[in-house]
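J.: Below are the chains, spelled out letter by letter.
There are 2 protein chains.
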Amino acid sequence: MSDSKPVLAILGGTGDLGTGLARRWAEAGYRVIIGSRTQDKAEAAVADLQQVMADRGIAQVTVEAMGNLAAAEAADIVAMTVPFAHHSSTLELVKPALKGKILIDVTVPLVPPKVARVQLPEAGSAGQIAQNLLGEDTQVVSAFQNVAAHHLQEGKGLDCDVLVCGDKKDARAKVIELVEAAGMRGFHAGSIANAAAVEAMTSVLIFVNKQYQCHAGIKLTGLAE
Amino acid sequence: MSDSKPVLAILGGTGDLGTGLARRWAEAGYRVIIGSRTQDKAEAAVADLQQVMADRGIAQVTVEAMGNLAAAEAADIVAMTVPFAHHSSTLELVKPALKGKILIDVTVPLVPPKVARVQLPEAGSAGQIAQNLLGEDTQVVSAFQNVAAHHLQEGKGLDCDVLVCGDKKDARAKVIELVEAAGMRGFHAGSIANAAAVEAMTSVLIFVNKQYQCHAGIKLTGLAE
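Read top to bottom, the protein sequences are chains F and X. Just so you know, we're using the UniProt record's numbering here: the first sequence kicks off at 1 and counts up by one. Just so you know, we're using the UniProt record's numbering here: the second sequence kicks off at 1 and counts up by one.
These aren't lab readings, by the way, just hints derived from the structure by calculation. Check each hint, because a few of them may be wrong.
Since the list gives no way to pick one copy over another, a pair counts as held whenever it fits inside one copy or between any two copies.
[Unchecked claim] Below, computed lysine to any residue pairings styled on SDA-like, alpha-carbon distance capped at 20 Å:
id, residue 1, residue 2
1, K169, G15
2, K169, A181
3, K5, A181
4, K114, G157
5, K114, A181
Please put together the full structure from these sequences, using the hints given.
T.: See below:
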């Protein structure tokens, strides 16, 4: 992958967020694999994605389907968009395949039914849990938790920023490239401990969405001085 | 205070954030009291504020100075901008004076020296600690934690939003009025548990400020649909 683009996998990538990222990255020229617990579910999601794109008149792209472990093995950079309840078990499954790779953790530790209430795990964040579980052989970078899947599914640009947290600056920089490839601005937002802020903000945005009937995101201001 | 504006106090209001809020609220027609640990310190801060305004050609306003307890007693709505190390002790001091009132908690639980790293307290947030300590007789509403004091000190409008958390909607609505009086947009952001997200975001913004040499804030997007 030195000169060419890295191969990307999205584990648990069958939902709106996962397929939205898959389409945007594929359109940007990346080879993208959607992973799911079974090959069948991944294939169904890819078929849905093709149909949605055809219905909306968006240029079709090729996205592959695999089981989560095969997807993690085949990819250079692995994103994960599973529900928090499956976060640790999915990580245990794919851990051997993540050695030497970047894991982009999109997980938000929501505790149903009160998903509009911040209820962070004891370790502080899903991103921190992932880094603790995977150890130093894998760079965990958290990102995309505040992006409304509703907007990601649209063909056009996105009016929200992505705060990128992780312990290594190089790994964050590679994820910021992928944020930009998906049509957003990405920013270095500190160590993986700071994922707590971004993950918690998702519950605030869910509350705002209910209160103001919208699909809210956040944007940084005050940058140019 | 039925028809007229509430009297406002800002405990620990001698810093850039406190005096910035004091000036903006006073300019909007509120009676404002800056509180500090001693009357002398509060008077010195008010004198500084008058000097800064004169230097910048900003219309002078009248702001009063008192000790923290006297300020809390004299006000209808009490804001607090103390360092986290003095958060609980200040609350214990003024607790009797806060009965039946709204406390606007601006405190961010930073743990020096790593202030750009999210390190939330066990209770989740300073706002939650305050609500637990004060009990049901006082409505704690957290706000203003993500506003750069640098920008608040300027005379002009502010390009950042304020996320307002608190368990009672009425209390949040009164604080949103004060956010607007200070020149910003305020939004209902959920229960006091959600203060964790907003307080944690301050450490992210401190990191962003260092990384990008700026005074960053956040703004909600995707509201109008």
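J.: Please sort K169 with G15 into within, between, both or neither, judging by C-alpha distance up to 20 Å.
T.: neither (29 Å within a copy, 33 Å between copies)
J.: Go through the copies and call it for K114 and A181: within, between, both or neither, with a Cα cutoff of 20 Å.
T.: Neither way: K114 and A181 sit 33 Å apart in one copy and 32 Å across, limit 20 Å.
J.: Please sort K114 with G157 into within, between, both or neither, judging by C-alpha distance up to 20 Å.
T.: Neither way: K114 and G157 sit 31 Å apart in one copy and 36 Å across, limit 20 Å.
J.: Have a look at K169 and A181 and pick one of within, between, both or neither, based on CA distance no larger than 20 Å.
T.: within (18 Å within a copy, 40 Å between copies)
J.: Check K5 against A181 for me: Cα-Cα at most 20 Å, and say if that holds within a copy, between copies, both or neither.
T.: within (11 Å within a copy, 50 Å between copies)
Hint violations for this structure: numbers 1, 4 and 5, all remaining hints satisfied.
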